[in-house]
Every structure is written in structure tokens, then in C-alpha cells.
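K.L.:
Take the position in the sequence shown, starting the count at 1, then add 1; the result is the number in our numbering.
Simulated from the structure, these hints should not be mistaken for lab results. Heads up, the beta-carbon is just placed ideally off N, CA and C, and yes, glycines get one too. A portion of the hints provided could be inaccurate.
Each pair of labels, with its calculated beta carbon distance range [said to hold, decoys possible]:
1) Asp111 x Gln244: 37 to 43 angstroms
2) Asn136 x Pro44: 27 to 33 angstroms
3) Gly212 x Ser48: 33 to 39 angstroms
4) Asn324 x Phe117: 50 to 56 angstroms
5) Lys240 x Leu74: 24 to 30 angstroms
6) Thr25 x Arg211: 38 to 44 angstroms
7) Asp81 x Arg211: 33 to 39 angstroms
8) Ser48 x Asn199: 40 to 46 angstroms
9) Arg211 x Phe311: 34 to 40 angstroms
10) Thr25 x Gln233: 25 to 31 angstroms
11) His133 x Ser28: 30 to 36 angstroms
12) Gln244 x Ser181: 31 to 37 angstroms
13) Gly114 x Gln244: 33 to 39 angstroms
14) Asn324 x Gly114: 48 to 54 angstroms
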Amino acid sequence: MLTFFLGCKKEEISKCDDNIGLFTFSSYPIGTAIDFNALESDPVYKSIAIKQFNSITPENIFKAQYIHPEPLLFNWTEADRLASFCQNNNKRLHGHTLIWHQQLPQWILDYQGSPFDWELLMKVHIQTVMTHFKNKVTAWDIVNEAFNEDGTLRNSIWKQKIGDGYIEKAFLFAREADPSALLFYNDFNLESNTTKLNSVLSFLNNLRNRGVRIDGIGIQMHISTYYPEPTQIANTFQKIATQNYKIHVSELDISVNPLGKDFVPSEELFNEQANLLGSLVLNYNQIPKQFQHGITFWGISDKNSWIRDFYNREDYPLLYDDNYLPKPCYCKLIKTL
């Protein structure tokens with residue numbers, strides 16, 4: 002694995018070591034997804050999380066599999082500790098995620114009941130979790146990844162058991178639970194798939210027209226140096242903003258080896274990664290301030306990235322290398338915020 006960084010000037014590198022965080026250069030929050038185990042066990046990881054970012058998204062521990070493992074049991078222990086970490090260190094906490102078709106506990110997958118029973122199950126889950134974290138979580142990803150790439154609704158367990166209206170009900174239940182929280186829909190490939198983006202916007206606009214509150218859209222932005230084009234990203238930002246949704250770049254990482262090939266990391270490759278990040282940030286800066294919910298990176302160090310395990314490939318998608326040294330994309334981020 003990479004154990005060196007390339008291309009940062011000394012005066013830029015020093016900013017990692019003098020308590021000047023990335024977020025201090027920005028008018029909107031700069032966040033990271035947090036692996037709770039790493040936060041508790043790795044002091045360097047924890048230090049960077051505190052110094053460099055002012056918004057936190059839990060990578061896993063707010064998902065139903067972890068927080069609602071049995072029908073009558075909610076496991077608050079780790080989630081509460083993360084919430085306390087955010088409060089003690091003045092970090093915004095973004096809740097991820099309430100309704101998703103993956104990482105569900107077995108009892109939900111096995112649940113037998115009528116559509117009404119399933120609706121009640123969903124309501125209890127959403128409202129119990131949101132009420133527990135009221136005034137601690139600023140915004141929530143209410144529904145995650147509900148659309149297929151062709152723009153149709155994914156045939157998730159929620160759709161199967163409740164029907165197409167489950168998304169509307171989820172947002173209505175969420176608003177009841179915490180009227181002060183911002184409510185987001187979150188999905189991937191919106192920046193590169195116009196069909197999917199148009200379907201999501203049409204669907205959410207229809208809900209809004211019926212009085213359902215939806216504050217913003219999370220664009221996950223798991224992208225690479227191969228695709229999408231910067232113009233596609235810019236057009237997506239503008240299209241969503243003109244529909245009056247807050248935009249959260251919610252799970253940003255930039256793969257440098259999306260095809261899983263044998264390759265030799267190079268200065269040129271990491272500068273290309275940095276330039277794509279710089280273009281993304283400059284385009285995000287162009288949308289009106291009221292729609293800038295922030296940019297969240299899906300991890301801190303390359304060694305913590307989900308990509309390596311999930312795809313079983315060598316990759317370096319984040320701001321810091323395996324030794325927690327800043328990469329050129331870190332330096333580019335400082336320049337463009």
C-alpha cells in the first residue's frame with residue numbers, strides 16, 4: 002500500500018499539524034464518515050477527525066442492523082457515544098440512514114405482517130431513532146437508494162411490503178418525529194445518470210407538491226478519475242439547486258483504479274485525482290449558499306476506505322494515505338474551498 006504522499010508543498014503540509022482544519026477554509030461544512038471502531042481505537046484517526054472536519058456522518062452504526070437489532074431492542078450505546086463526541090467537539094451530526102434495503106436486521110427480513118403492520122414497523126423505527134437523537138442530529142438521510150439506474154423504483158423490501166407510497170410515508174413520519182431536522186433523500190450515480198436524476202427529481206417534486214417536506218438531496222458521489230466528466234457534476238449541481246433542494250455531497254471518494262487493474266501509483270495519477278476534486282469543489286461553490294449543505298468524504302484515510310474490501314482491489318480514493326499523510330487532493334481542497 003502507498004506509504005508516501007506526492008505533490009504537497011511544505012507550507013500546505015504544515016497545515017495538517019497546526020490545528021488548522023479543512024473546515025476553517027470553507028463557508029459550508031466539510032465532513033467525513035466515521036468508522037466508530039477506528040475512532041475509539043486509533044488516536045491519529047481521532048485527531049484528524051477532530052482537527053480537520055466539522056461535520057460527521059456515521060458510516061454504519063446508525064443503520065438498522067446495528068441500532069435496531071431486535072423488534073423491541075434499540076442499541077444506543079455506540080450511537081450515543083458518537084453523538085457525545087460530536088457535541089463535545091462542536092461537530093454537526095448527519096444521521097445516516099433510516100430506510101434502506103441493505104444492512105437490515107434479520108428480524109425485519111423475516112417479518113410477517115400486513116402492509117399496515119409493515120407501515121407501523123417503519124414508523125416505529127423512524128420515530129424512535131429520530132426522537133432519541135432530537136436536538137443532536139441536524140439532518141437525516143430518511144430514504145437511501147430507492148431508485149434503479151433506469152429511473153424506476155427499486156423493488157426493495159419496503160416497496161414490496163408497503164407499496165410505492167413508502168417513501169412518502171417515511172418522510173411524513175420523520176417530520177412528525179423532529180420538525181426541526183433537515184430531511185434528505187440520498188442516492189448514488191445522480192451525477193452521471195441523467196435518467197435516474199430526472200426520475201428522482203420528478204418523484205420528490207411530486208411529493209413536495211402534495212405537501213411532503215423534503216429539504217435536500219444527498220449526491221453520494223462515489224466517482225473516479227475515469228468518470229464522470231466535471232461538466233456532468235456541474236450540471237447536476239445546478240439542476241438540483243434550481244429545484245430548491247439543499248445539496249449534500251454525501252459520500253465523496255475518488256477512485257484511481259475503478260477497473261481493478263494492476264497499476265503503479267504515480268504523481269500524475271494523484272494530481273489527476275486532485276484536479277477532479279478541485280473542479281468538483283469549484284462547481285459546488287457556484288450554487289447558491291442556501292443550498293450548500295456541505296461536502297462529506299466517505300472516510301479519512303485510504304486504508305479505511307470501503308472500496309478496498311468491497312471490490313477487493315488496490316485503490317487510494319481519499320484525502321490521506323495509509324500513514325495518514327495528506328495527498329495532493331488534500332492540498333487542492335485547501336486551495337479551492
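K.L.:
Now tell me, hint by hint, if it's right for this structure.
P.N.:
Verification of the hints:
Between Asp111 and Gln244 the beta carbons are some 39 angstroms apart, a value that agrees with the proposed interval 37 to 43 angstroms. In this structure, Asn136 and Pro44 meet the distance hint of 27 to 33 angstroms, their C-beta atoms being roughly 29 angstroms apart. Hint check: Gly212 to Ser48, Cβ distance near 46 angstroms, so the stated range 33 to 39 angstroms is violated. Look at Asn324 against Phe117: about 54 angstroms separates their beta carbons, and that is inside 50 to 56 angstroms.
One distance hint, 24 to 30 angstroms for the beta-carbon pair Lys240 and Leu74, is violated here, with the actual separation near 42 angstroms. Separation of Thr25 from Arg211 is about 41 angstroms and conforms to the stated range, judged on CB atoms against 38 to 44 angstroms. For the pair Asp81 and Arg211, the beta carbons lie near 36 angstroms from each other, so the given range of 33 to 39 angstroms is met. For Ser48 and Asn199, the Cβ-Cβ distance of about 43 angstroms falls inside the hinted range of 40 to 46 angstroms, so the restraint holds.
Separation of Arg211 from Phe311 is about 37 angstroms and conforms to the stated range, judged on CB atoms against 34 to 40 angstroms. At roughly 30 angstroms, the beta-carbon separation of Thr25 and Gln233 lies within the given 25 to 31 angstroms, and the hint holds. Judged by the Cβ atoms, the range 30 to 36 angstroms given for His133 and Ser28 holds: they are separated by roughly 31 angstroms. In this structure, Gln244 and Ser181 break the distance hint of 31 to 37 angstroms, their C-beta atoms being roughly 23 angstroms apart.
Look at Gly114 against Gln244: about 36 angstroms separates their beta carbons, and that is inside 33 to 39 angstroms. The hinted range of 48 to 54 angstroms is satisfied by Asn324 and Gly114, whose Cβ atoms lie roughly 51 angstroms apart.
Hints 3, 5, 12 from the earlier list are contradicted by this structure; the remaining hints agree with it.
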